[in-house]
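Colleague: Sequence:
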Amino acid sequence: MKSVLPPAAVRLCAALVLLLSLAAPAWALPDREIAGREAVDTWLALVDGGKYAESWEATAPVFRTAIPKEQWVELLAKVRTPLGKVESRKLKALFYTDALPDAPPGEYVVVQFETKFAGREDTALETVTPMLNAEGTAWQVCGYYIK
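Mapping of the sequence shown onto mature numbering (1 follows the signal peptide of the UniProt record, and there is no 0): residues -28 to -1, 1 to 119, in sequence order.
It is possible that some hints are incorrect.
[As the list claims (entries may be wrong)] Simulated pairs of lysine-lysine, DSSO-like, Cα-Cα distance not exceeding 27 Å: (1) K57 / K119; (2) K23 / K64; (3) K62 / K88; (4) K23 / K119; (5) K41 / K23; (6) K57 / K41; (7) K88 / K57; (8) K88 / K50; (9) K119 / K50; (10) K119 / K41; (11) K50 / K62; (12) K50 / K64; (13) K64 / K88; (14) K23 / K50; (15) K88 / K119; (16) K23 / K88.
In case anyone wonders, no lab produced these hints; they're calculated from the structure.
Using the sequences plus the hints, can you model the full thing?
Modeller: Quick look at the structure:
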């Protein structure tokens, strides 16, 4: 089959494809942001499933020190349960930082979602923040806010 494009156009297209394939990794999220997002997804599955005690157990030590398990379970039962089932969750923002207000020094990934709950007309803004553990081996949630 003969190309309908002139040879110069074919070479230009081939060069563009090569250039884009080499540049693609630059568009990808860094590993730490990917790992942080994966930790958030795993943790949110616990919360979405009503496994509030398990969600507390999966948090970072700084979180568990700040809020007792019983208080966390009670708080989520009061705030999250009435919102109902998650109907949709759309990523709004995701970024890495090494400093957060009123937080200990560390590595953090802030993840924000626009979330539609069955029991609410408008979307809510969920912010989930995991931090890298002291060993540098795992990301654990240290903050969760619904607005």
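Colleague: Tell me the hint numbers this structure goes against, listed in increasing order.
Modeller: No hint contradicted; all consistent.
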